[in-house]
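Got chain F; can you put chain Y on it based on the hints?
Number of protein chains: 2
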Amino acid sequence: MTDPRRGAGRTETIMRTTLELGQEIGYAKLSIEAVAARAGAGKHTIYRRWPSKGALLLDSLLSLHEPSLDYPDTGDIVADLREQIHAAVDLLGNPPFGPLFQALVGEAQADPKVASALNERFISPQADKTVARLEAARDQGQLSPAFDLGLAMAILSGPLYFQFLITQEPLTHEYVDRVIEALFNGMGEPA
Amino acid sequence: MTDPRRGAGRTETIMRTTLELGQEIGYAKLSIEAVAARAGAGKHTIYRRWPSKGALLLDSLLSLHEPSLDYPDTGDIVADLREQIHAAVDLLGNPPFGPLFQALVGEAQADPKVASALNERFISPQADKTVARLEAARDQGQLSPAFDLGLAMAILSGPLYFQFLITQEPLTHEYVDRVIEALFNGMGEPA
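Just so you know, the sequences run in chain order F and Y.
Under this note's numbering, the first residue of the first sequence is numbered 1171, with each subsequent residue one higher.
Under this note's numbering, the first residue of the second sequence is numbered 1171, with each subsequent residue one higher.
Excised from the complex, chain F in its bound form (with noise of 0.2 Å):
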C-alpha cells in the first residue's frame, strides 16, 4: 500500500481498462463500476482519484500522450496550421481519441469541475500552442499585425467542433482547408 509504484501500476491499469472497455462497449454505457469489476479494483479506489467519469475520462484521454498535436515551425504559417489541424481531425474522426474526447466534452456539459478541468489540461494548453505559433507568423508579417490572435484560434477550432459535436459529420481534411483559406481571405467587404 505505501509503495508509490504499485499505486501508479494501479493507475495505469485503470486507464488502460478505461480505454480499452470505452472502445468495446461505448463510454455511454461506460461505467466506474464497470471499470472496477474488469480492472479487479474496488469501486472506492477508483472514487478516491477520480470523483466522476468524467475525471476518469480525462485523465484516460491525456494518458494518450499525442505528439502529434504539436506544432510544426517551418516558417510557413498556412502549411503549418494546415498539417497541425489535419492531425488533430485525423485524431478526432478516429478511435481511440475521437470517441474518447465525445464522451468527455458530454460529460463537460452536466459537471462544472469536468468542463475546468478538461479547459486548464487539455484545450487551454492546445490553444496557446496554436496563439505561440501565430504570434512567430505575425511578427514575420505573414498575419495582419491588427488581428486578434485569440480570436484567431476560435475561428480556426470553432467550425471544427461544431462539426464533431453538433452537425457529427464526418471532419475533412479539405474542410480544413476551406476554413482556413477563409480566415485568410475573409468573405468580402462588407456594404
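None of these hints come from the bench; they were simulated from the model.
A few of these clues could be false.
Said to hold, decoys possible - Taking lysine-lysine and the DSSO-like style, the derived pairs with C-alpha atoms no more than 27 Å apart in a straight line are:
1) Y/LYS1199 x Y/LYS1283
2) F/LYS1199 x Y/LYS1199
3) F/LYS1283 x F/LYS1213
4) Y/LYS1283 x Y/LYS1213
5) F/LYS1199 x Y/LYS1283
6) F/LYS1199 x F/LYS1283
7) Y/LYS1213 x Y/LYS1199
8) F/LYS1199 x Y/LYS1213
9) F/LYS1199 x F/LYS1213
10) Y/LYS1283 x Y/LYS1299
11) F/LYS1283 x Y/LYS1199
12) F/LYS1213 x Y/LYS1199
Said to hold, decoys possible - Rough simulated footprint, nothing fancy, chain F against chain Y, three-plus residues with beta-carbon under 8 Å:
13) 1269-1278
14) 1281-1293
15) 1313-1325
16) 1330-1336
17) 1348-1354
Said to hold, decoys possible - Some, not all, of what chain F presents toward chain Y, calculated at C-beta under 7 Å:
18) GLN1272
19) ALA1324
20) ILE1325
21) GLN1338
Virtual Cβ for every residue (Gly too), placed ideally from N, Cα, C.
Below, chain Y alone, put in the same frame as chain F:
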C-alpha cells in the same frame, strides 16, 4: 384516453414540468422518474413518448418557440447578422434556453438518436435561415460571389459553440462583433 386534447394537455404538462424542474435542480440531475413524479404522470407514459432524457429535453426546448431566432432583413447583412446573433447569444446565456440547450448537447454526445433529432429539428433549420440570409446578401453584392455560405455559417457559429460548450466563458455581443468582422475582413494575406 381517446380524447386527443387530453393527450396534448398531458404532453404540455410534462414539458413544462421538465423546464421547471430542470431550472430548480439543474438538468444534469433531472431524471425522467423525477419529472414523472412532479407531473403526476406514470414513468411509462413518459417513456412511451420520449424514449430518453435527451428526447424529452429536445421537445421541451422546441416548446419554447423562440421568435428571436428569426432573421431580420433590412438590406444590411452586417447589421442583420449582428442583430440575430446577439439575440442568439442572449438566449444561450440565460435560462431557460441556455442551460437546457447545454444539457441537450451533452446528451447528444452519448446518444446518436438525440444528436440526429437535434440536428434535424433545430440546428439544420436554424442554419438554413442563416444561409438564406447570406444568400440574399450575396445576390445584392455584399459578399464575395465565390464564398461558400455553409462555411460562412459554420465560421459564424463555430466560435460561439466553442465558447459555450468548451471554454464555457460568457458569450458577449462584443465577441460576436469581432467574429463577424474577422469573417468579413480576413486575418491578412498568407505569405
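**Prompt:** When the hints from earlier in the document are held up against this structure, which numbers fail?
**Reply:** Hint check: nothing fails, all pass.
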